[in-house]
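There are 2 protein chains.
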Amino acid sequence: MAGTLYGVGVGPGDPDLITLKTYKLFQKADVIITPTGKMGKPSVAYRIAKPHLPENSQLLEMDFPMISLSEERDVLEKKWEENAAIIHQLIEEDKIVVFLTLGDPMVFSTYSYIMEYLLEHDIKIETVSGVTSFCNLAAQINIPLTQGEESLGIVSMTQPEEEIRSILDAHQNIIVMKISANSVWMAEELEARGLDQSFVLVSNIGTEDQKITKNIEDLKGKIPYLSTLLIKKNYPLG
Amino acid sequence: MAGTLYGVGVGPGDPDLITLKTYKLFQKADVIITPTGKMGKPSVAYRIAKPHLPENSQLLEMDFPMISLSEERDVLEKKWEENAAIIHQLIEEDKIVVFLTLGDPMVFSTYSYIMEYLLEHDIKIETVSGVTSFCNLAAQINIPLTQGEESLGIVSMTQPEEEIRSILDAHQNIIVMKISANSVWMAEELEARGLDQSFVLVSNIGTEDQKITKNIEDLKGKIPYLSTLLIKKNYPLG
Numbered sequence: 019m020a021g022t023l024y025g026v027g028v029g030p031g032d033p034d035l036i037t038l039k040t041y042k043l044f045q046k047a048d049v050i051i052t053p054t055g056k057m058g059k060p061s062v063a064y065r066i067a068k069p070h071l072p073e074n075s076q077l078l079e080m081d082f083p084m085i086s087l088s089e090e091r092d093v094l095e096k097k098w099e100e101n102a103a104i105i106h107q108l109i110e111e112d113k114i115v116v117f118l119t120l121g122d123p124m125v126f127s128t129y130s131y132i133m134e135y136l137l138e139h140d141i142k143i144e145t146v147s148g149v150t151s152f153c154n155l156a157a158q159i160n161i162p163l164t165q166g167e168e169s170l171g172i173v174s175m176t177q178p179e180e181e182i183r184s185i186l187d188a189h190q191n192i193i194v195m196k197i198s199a200n201s202v203w204m205a206e207e208l209e210a211r212g213l214d215q216s217f218v219l220v221s222n223i224g225t226e227d228q229k230i231t232k233n234i235e236d237l238k239g240k241i242p243y244l245s246t247l248l249i250k251k252n253y254p255l256g
Numbered sequence: 019m020a021g022t023l024y025g026v027g028v029g030p031g032d033p034d035l036i037t038l039k040t041y042k043l044f045q046k047a048d049v050i051i052t053p054t055g056k057m058g059k060p061s062v063a064y065r066i067a068k069p070h071l072p073e074n075s076q077l078l079e080m081d082f083p084m085i086s087l088s089e090e091r092d093v094l095e096k097k098w099e100e101n102a103a104i105i106h107q108l109i110e111e112d113k114i115v116v117f118l119t120l121g122d123p124m125v126f127s128t129y130s131y132i133m134e135y136l137l138e139h140d141i142k143i144e145t146v147s148g149v150t151s152f153c154n155l156a157a158q159i160n161i162p163l164t165q166g167e168e169s170l171g172i173v174s175m176t177q178p179e180e181e182i183r184s185i186l187d188a189h190q191n192i193i194v195m196k197i198s199a200n201s202v203w204m205a206e207e208l209e210a211r212g213l214d215q216s217f218v219l220v221s222n223i224g225t226e227d228q229k230i231t232k233n234i235e236d237l238k239g240k241i242p243y244l245s246t247l248l249i250k251k252n253y254p255l256g
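Chains as they are written, first to last, in my numbering: chain D, 19 to 256; chain B, 19 to 256.
In short, the hints are calculated from the structure, not lab data.
Be careful, since some hints might not be right.
Repeated chains share a single entry, so a pair holds when one copy, or any two copies, can fit it.
Said to hold, decoys possible - Listed next, the in silico EDC-like pairs over lysine to aspartate or glutamate satisfying Cα-Cα at most 16 Å (straight line):
{"no.": "1", "residue 1": "LYS97", "residue 2": "ASP48"}
{"no.": "2", "residue 1": "LYS250", "residue 2": "ASP187"}
{"no.": "3", "residue 1": "LYS113", "residue 2": "GLU235"}
{"no.": "4", "residue 1": "LYS240", "residue 2": "GLU89"}
{"no.": "5", "residue 1": "LYS196", "residue 2": "GLU167"}
{"no.": "6", "residue 1": "LYS46", "residue 2": "GLU235"}
{"no.": "7", "residue 1": "LYS251", "residue 2": "GLU181"}
{"no.": "8", "residue 1": "LYS240", "residue 2": "GLU206"}
{"no.": "9", "residue 1": "LYS56", "residue 2": "ASP81"}
{"no.": "10", "residue 1": "LYS96", "residue 2": "ASP81"}
{"no.": "11", "residue 1": "LYS251", "residue 2": "GLU99"}
{"no.": "12", "residue 1": "LYS46", "residue 2": "ASP32"}
The shape of chain D in the complex, shown without the other chains (with noise of 0.2 Å):
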């Protein structure tokens, strides 16, 4: 078989919730790529990975720095053309590599940069969707995230505050995600439009340390790094 990129979505933290698709890729790997852990500890994407991995799999770790996209767009965009360059190798020795990423490939990311760079070459690119972490959200707290003629909006906190004004705007459902980096703003936006009540907050979801609240004080305080918000203008929360 000719060397494959196969970028895959492993899900939002349950082992069980990766697909039968990348499950059997797993099996057939040459080559296991997952962004370099922080702190010691592996990273996220491989931890769910791991029950079901091969015991002889060979993993590469790439370095993927935490910095801001607007500010080091450069710095970044290096970094992805060397990681790209060392996969195209791989490729080139026909080998069969995998890149997992947290969710889906293609909500928010980097395997979505490398894929970019590396379509420009002649080489055999297959991603493989998985369940989002928004989903997964909706499901643990049995909560609709859209229904009938109504719609999803999903932003990130880190965006201009006139294009998350527009979106609050434009949606009966909202995911917000990196909640983190402005809260407290959020918690004003949403008093301002009489959407107090109309809010979960959820964070460290499916680990030990899951919390969910509907308290608008708690949104206005220290929340953890890992929480989504999600916001339903319409919808009896209890």
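Once you've looked at the hints, dock chain B against the given chain D.
Only chain B this time, still in chain D's reference frame:
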């Protein structure tokens, strides 16, 4: 084990895109619930699940009329309530009931209404996420849904036009579900915004009849029912 309702997403079409968790639930389910098929064919959700179901699986088909939510909500509500009562009875009999949903159970699914009725009673309900159709679309064409400091809007073409317009304004990336409901209107809207080369239309994804087009004239013509539109304002679509 006490009776439990599991609402599971079977993903967008490829049977190998179900999760390991759903696969394991299939092996221990007492009853598998799926919508009644149309025109003599089993439902799409059942066709996806079938390769993974044990031979002696007990199937229960439920009728969910394909009528307009805004125009005939009372007819639909009566049907949801009837079907929820049947499931409630099964749970009381300590059955493990698995309700199949195309894609993810929390994104535009009938399961979410059934879940709402059953949450009012004191029974165990667990929702198991699946891969959404829009993530799969992006994977098939290797184009990211959203990256970095951008956002994503997900809208159904059956929503009011004014709502769709503000969603087109608010996001750099937009997924339009059920685009066949009014694709000519959307084509004109894209032209008026100078976005006539900023979209990909994917029809019958993952089937023999799959078609991918970036031509605005195709969007103005008759398009298949199973079509989804991805709009990307700032991305080289080639």
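A quick look at each hint next to the structure:
| no. | hint | verdict |
| --- | --- | --- |
| 1 | LYS97 x ASP48 | neither (23 Å within a copy, 51 Å between copies) |
| 2 | LYS250 x ASP187 | within (12 Å within a copy, 20 Å between copies) |
| 3 | LYS113 x GLU235 | neither (52 Å within a copy, 41 Å between copies) |
| 4 | LYS240 x GLU89 | neither (25 Å within a copy, 45 Å between copies) |
| 5 | LYS196 x GLU167 | between (27 Å within a copy, 11 Å between copies) |
| 6 | LYS46 x GLU235 | neither (49 Å within a copy, 43 Å between copies) |
| 7 | LYS251 x GLU181 | between (18 Å within a copy, 14 Å between copies) |
| 8 | LYS240 x GLU206 | within (15 Å within a copy, 46 Å between copies) |
| 9 | LYS56 x ASP81 | within (10 Å within a copy, 50 Å between copies) |
| 10 | LYS96 x ASP81 | within (12 Å within a copy, 55 Å between copies) |
| 11 | LYS251 x GLU99 | neither (42 Å within a copy, 24 Å between copies) |
| 12 | LYS46 x ASP32 | neither (22 Å within a copy, 19 Å between copies) |
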